[in-house]
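Novice: Once you have looked at the hints, place chain B on chain A.
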Amino acid sequence: MARVAKILFHLLFMILVLSAGCSKEDEYIPGLEGNMVGYVYTYDEYGYPFEDHSNVRITALGHAGRHSVKSDPEGRFEFLDLPAGTYELNFEKDGFGTMKQFGVKHLGGKPTVLFPQGYTSYYIYAFIIYEYITTEIINIKIENDTMFAEFEFKKEDADPGQMSLRIFFSDVPDFTKHTAQFVNNYILWNKNGKFSRSMYYTEMNFQPGETVFFKACIFTAENNFYHFNPEFPDNYIIVETDTYFDYQTNETIYPNLGNESEVFFFVFPE
Amino acid sequence: MIGLFFIHSCVKDIPEPLFNDGMIRGYVRCYEGDIPYGIEVVSKGPYGTKTGSTDSTGYYSVTGLGNGTYELVFKKDGYGSIYKYGIQIFGNDTVRVNAMLYQKVEVIKMPEFIEFYHSSSFRGMLGNEIIIETDTRERDQLPSLRFFLDTENNVSCKNYQYTEMGYPSARSDIDHAFYSVGLNEFQNKSGTELFLKAYVCNGSDIGYFDNYHGDFVYSTLDTKNYTKTCSYKIP
Chain A
1 MARVAKILFH LLFMILVLSA GCSKEDEYIP GLEGNMVGYV YTYDEYGYPF EDHSNVRITA
61 LGHAGRHSVK SDPEGRFEFL DLPAGTYELN FEKDGFGTMK QFGVKHLGGK PTVLFPQGYT
121 SYYIYAFIIY EYITTEIINI KIENDTMFAE FEFKKEDADP GQMSLRIFFS DVPDFTKHTA
181 QFVNNYILWN KNGKFSRSMY YTEMNFQPGE TVFFKACIFT AENNFYHFNP EFPDNYIIVE
241 TDTYFDYQTN ETIYPNLGNE SEVFFFVFPE
Chain B
1001 MIGLFFIHSC VKDIPEPLFN DGMIRGYVRC YEGDIPYGIE VVSKGPYGTK TGSTDSTGYY
1061 SVTGLGNGTY ELVFKKDGYG SIYKYGIQIF GNDTVRVNAM LYQKVEVIKM PEFIEFYHSS
1121 SFRGMLGNEI IIETDTRERD QLPSLRFFLD TENNVSCKNY QYTEMGYPSA RSDIDHAFYS
1181 VGLNEFQNKS GTELFLKAYV CNGSDIGYFD NYHGDFVYST LDTKNYTKTC SYKIP
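Note that the protein sequences, when read in sequence, are chains A and B. The opening position of the first sequence corresponds to residue 1 in the numbering used here, with each subsequent residue numbered one higher. The opening position of the second sequence corresponds to residue 1001 in the numbering used here, with each subsequent residue numbered one higher.
Do not take every clue at face value.
What the hints assert, rightly or not - Within a straight-line C-alpha distance of at most 25 Å, the following computed SDA-like cross-link-like pairs (lysine to any residue) qualify:
id, chain 1, residue 1, chain 2, residue 2
1, B, K1158, A, P49
2, B, K1050, A, P83
3, B, K1158, A, S54
4, A, K70, B, Y1212
5, B, K1158, A, N55
Stated by the list, open to error - With the Cβ distance kept under 7 Å, some of the chain A side facing chain B (calculated, not the full set):
id, residue
6, G34
7, V37
8, E74
9, R76
10, L107
11, G108
12, G109
13, K110
14, P111
15, T112
16, V113
17, F115
18, I124
For the record, the hints were derived by calculation from the structure and aren't laboratory data. If you're wondering where the values come from, they're calculated on a predicted model, not measured in any experiment. Here a beta-carbon is modelled for each residue, glycine too, at the ideal position from N, C-alpha and C.
Pulled out of the complex, with its shape left as it was, chain A reads as follows (with noise of 0.2 Å):
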């Protein structure tokens, strides 16, 4: 008698573990669960791809909680039964900027793969970080429909082929990024270390001779985006994603942006 009411408590014993064990996974039905994959690369300052794109920490924040995965050395990331919902996802490194990519859908069952709508297998598509910026910018020159800018590098074996600055633009000298009447991107190339560039001043909305002020940021735009993986025919695209709108402030990140330069000024030409 005492081994059936032994073996009655064991039975009820492991009854109560089991159904305190499975209650949890309750919670998310009738939603599914899948694995979510994606890439994620890592580039310089200059825009220069790194070999190895691994530790990346990927943060999958949604209904249920925070998931945080990390990327390979060829930038792969998997999220393992990620219950579906819709998340926001940060791409964070020690020393590069943090990208973000809000609304992403994953509805469960087989993996989701981070591949935009309407392109086909012939492109990689890869989310991008880059290096913070350690250049500073010296001077600025807008002359004669031409921009000339000097940097100061504080790597020694820099060698950027373009360098990419935010300007904005004011028509007082004392003004912020939002309060700039003008902003725009601009790629200058380097030339035997000089760096210009034309200008065009049609969408600028200045009058003739009068002055008008600016500062830059320098930010990383993509330098070597094609055949910089041999293993890909040439034919092949790598389509990025190295900025987010942020639907809060109303405005696109660049999330490598450097820091403010002083006020320059020039006259808006005739």
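Specialist: For chain B alone, coordinates are given in the frame of chain A:
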């Protein structure tokens, strides 16, 4: 009994789909121009597997799919299979997925490589190419080969730095039929020793990026028919 109860208790319930009238449809083409009839299209999703088949114009549809994420496989005997991942069906959606199939190559005899040259050694040859002379005189008897190159000798179709198609050719100043392999996209320096391994592959198969596994895939690559690993020093 207890074990059965344990298994039953902890198997994850697959929920009933909220929608169950989703559809994946599209068309399949055969690169060589064959009639794309009877190509099997297998969808794998959260509620199991469903199969469709192309009609004589290449159109197919897989119907009655529940909401969730799916994978597709397109397959037919004699052709390389194509895989598609991450196909999302939110509600009673119709999602279009197309594919191109390439014929696999039949091999009569695998060639042996007997000599390597650089294209600059020959009059009229342009570019930066390796010329690989084979033991076969008739170029028609040579299969098209995809070459995989690396600076390490453990090169294979899974482990390589560069890949390029090699097409059989012949000319009067080379005794045997040969392959020419372009190196234009490969960052290489004079004196570098390259290791090559070639696999039978349809010469028109441009491959595709398998966005789930992160690999570049050539659907007609024959992993059972390959050459010995050879080395070549860039002049």
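Novice: Of the hints stated earlier, which fail here?
Specialist: Violated hints: none; all satisfied.
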